[in-house]
Amino acid sequence: MDLAGASGSRPPPVADPSTALADAVFNMSLDSHSKQRTPANTSSSNGAKATRMNPWPSLNRNDNLDIEIIHQLPNVPATVFTLFPKLVPELRCKVWYWASHLPRIIEIERCPTRDGSIDLGTHPEHQVCPKSRLPHVVLQVNHEARKAAMKVYEMRTFDSDEGRFIYFNPKSDIVYFGEKNCFATMIRAFMHASRNKEEIPQVAIDVVKRCRSYECPHDTLEHPYLRVVDELRVLHGFDNGPSAVTDPEKQWNGCPGLREVYFVVKSDSLQLDVGAIDASIVFRPATASCMTEDQISKKQDLEYEVEYMRRCVGLMGIEEYKWSEDPLKFHFVSLASLIVKRPDYRIHSTMSVKQEGIKRLEQNNWSFVKRLESRTECHITIPENPFRRRRPLEIGFFGTKENVAKAKQRIMEKAMTYGDIQKWRKEIMKEPIKQTFEETIKCLVKMNRSTGELLIEENFVGIETEGEASDEKWEILRQDLVSKTKEELTQESNEDHIKDILTIALSLPQKNPFKGLKGEEG
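In terms of my numbering, the sequence shown opens at residue 4 and continues consecutively.
Since the hints were made in silico from the structure, they are not lab data.
Everything numeric in this text was worked out from a predicted model, so none of it was measured.
Just so you know, not all the hints are guaranteed correct.
Here are the simulated BS3-like cross-link-like pairs (lysine-lysine), alpha carbons at most 30 angstroms apart as the crow flies [what the hints assert, rightly or not]:
#1 Lys373 to Lys362
#2 Lys97 to Lys200
#3 Lys325 to Lys373
#4 Lys362 to Lys302
#5 Lys332 to Lys154
#6 Lys332 to Lys373
#7 Lys134 to Lys89
#8 Lys200 to Lys134
#9 Lys373 to Lys183
#10 Lys362 to Lys183
#11 Lys411 to Lys302
#12 Lys325 to Lys174
#13 Lys325 to Lys362
#14 Lys357 to Lys302
#15 Lys362 to Lys332
#16 Lys134 to Lys150
#17 Lys373 to Lys409
#18 Lys154 to Lys97
#19 Lys325 to Lys134
#20 Lys417 to Lys404
#21 Lys154 to Lys174
#22 Lys357 to Lys417
#23 Lys373 to Lys357
#24 Lys325 to Lys302
#25 Lys134 to Lys362
#26 Lys183 to Lys97
#27 Lys417 to Lys362
#28 Lys409 to Lys357
#29 Lys183 to Lys150
#30 Lys411 to Lys325
#31 Lys154 to Lys134
#32 Lys417 to Lys332
#33 Lys183 to Lys154
#34 Lys200 to Lys411
#35 Lys174 to Lys357
#36 Lys134 to Lys183
#37 Lys373 to Lys302
#38 Lys183 to Lys200
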């Protein structure tokens, strides 16, 4: 998923490493034959003629060595491309160049004063967080990679102390003003960039939260709507008072070269302290169902203001509007862990669960969640004080991609609400004739579940749905359902929800009650 994609063109598709590895090994076997083959105008040792279509007749023999080499290739996607050093330098440089465009989040924080305290009045100093200051990994591989990366990276300073520089890619890196920052920090950073004629195309701002101080004159805590306007004015630029015409210090020009704005919604499942963002943290689309009331209100106010800018071509309190020709792109995002496509790599993931579902998970002191963690080897994070909130919550998962998928599926099944069951009941009663045999059985099992725990439905896969379902097929499916449920009951100790589904499976009629309905008109 493209969370915070780099602006501009994207790298071309890369071939599957496993295919490239197989081709390379096969070419090595051809090279071994080419050293032993006879000239094309002569006969080979075994009497085969060399032709234009087959210049190497020796390959017609049963060469067990070649077959063994190729058959020993692993039948799984390769995780390491060992032949990369053998690529031509031009191709390697292209790979390094596109790898340098991976987006990074550059987090800005306010600096403590000399005595270690925080000046809540004006926030006079700010800096790039130490973890965000680390160079991109491509700059640290070797001389060739660094040379290619330096074509896109610039030396920039975002600190109030202008002597500290970082490597910055203006095409992909995002400058993030997180918690405990106010408008004064943003204004100073943008003024510094304007003086140096530098652009910051992508900026991220925390939704709602700021320095949280009533002593700060640069934040608007009492009027959330005015805070939306203030953020847009700070990004756009404005004149601070009548004397701005003659005083350049009061002409705030906004963020130079701005193209995209990311409003960051805090996630329940991934809570990061200030300064904790490193190269492994990226942006993902925010889950609207898990926003707080303040965040939803802020989003609605922002959408209204953006629509006003689009229709009226202007911004409240701004006389000269400069975004008319090139409108900005706005995104609502949350922080997430970078997903690496490797089977053993552990990832962060989230899912939204309704309050009713949270109550089901909480039964018996979260015993279901604890057992699920043990079985899937996946760490599951439940937000603190979940029942104090009147909105769906985000549950966090940390584990391998496969185990996270299993854990999320089980949580989804366990957290099924009574409303979901009623929805399935209406779906069956509305048009039962149009349901296929397989779909009807699935819905029948789901409809009768009162605990919200679905049985693994692998036994439904591959059932023939063409033609009329016979009583024999129905009985096979019913027996399979009973046996599978008993097996689940043994593995899950004596959980009530497994007993419920076993009761349902045993209560199904031995003959297909839907027989003859499929052929009727819907």
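Hint-by-hint comparison with the structure:
no.	hint	verdict
1	Lys373 to Lys362	holds (15 angstroms)
2	Lys97 to Lys200	holds (29 angstroms)
3	Lys325 to Lys373	violated (55 angstroms)
4	Lys362 to Lys302	holds (29 angstroms)
5	Lys332 to Lys154	holds (26 angstroms)
6	Lys332 to Lys373	violated (42 angstroms)
7	Lys134 to Lys89	violated (34 angstroms)
8	Lys200 to Lys134	holds (26 angstroms)
9	Lys373 to Lys183	violated (35 angstroms)
10	Lys362 to Lys183	violated (34 angstroms)
11	Lys411 to Lys302	holds (28 angstroms)
12	Lys325 to Lys174	holds (21 angstroms)
13	Lys325 to Lys362	violated (51 angstroms)
14	Lys357 to Lys302	holds (21 angstroms)
15	Lys362 to Lys332	violated (39 angstroms)
16	Lys134 to Lys150	holds (23 angstroms)
17	Lys373 to Lys409	holds (14 angstroms)
18	Lys154 to Lys97	holds (11 angstroms)
19	Lys325 to Lys134	violated (35 angstroms)
20	Lys417 to Lys404	holds (20 angstroms)
21	Lys154 to Lys174	holds (12 angstroms)
22	Lys357 to Lys417	holds (12 angstroms)
23	Lys373 to Lys357	holds (19 angstroms)
24	Lys325 to Lys302	holds (23 angstroms)
25	Lys134 to Lys362	violated (38 angstroms)
26	Lys183 to Lys97	violated (40 angstroms)
27	Lys417 to Lys362	holds (10 angstroms)
28	Lys409 to Lys357	holds (19 angstroms)
29	Lys183 to Lys150	violated (37 angstroms)
30	Lys411 to Lys325	violated (46 angstroms)
31	Lys154 to Lys134	holds (23 angstroms)
32	Lys417 to Lys332	violated (39 angstroms)
33	Lys183 to Lys154	violated (34 angstroms)
34	Lys200 to Lys411	violated (48 angstroms)
35	Lys174 to Lys357	violated (39 angstroms)
36	Lys134 to Lys183	holds (17 angstroms)
37	Lys373 to Lys302	violated (36 angstroms)
38	Lys183 to Lys200	holds (27 angstroms)
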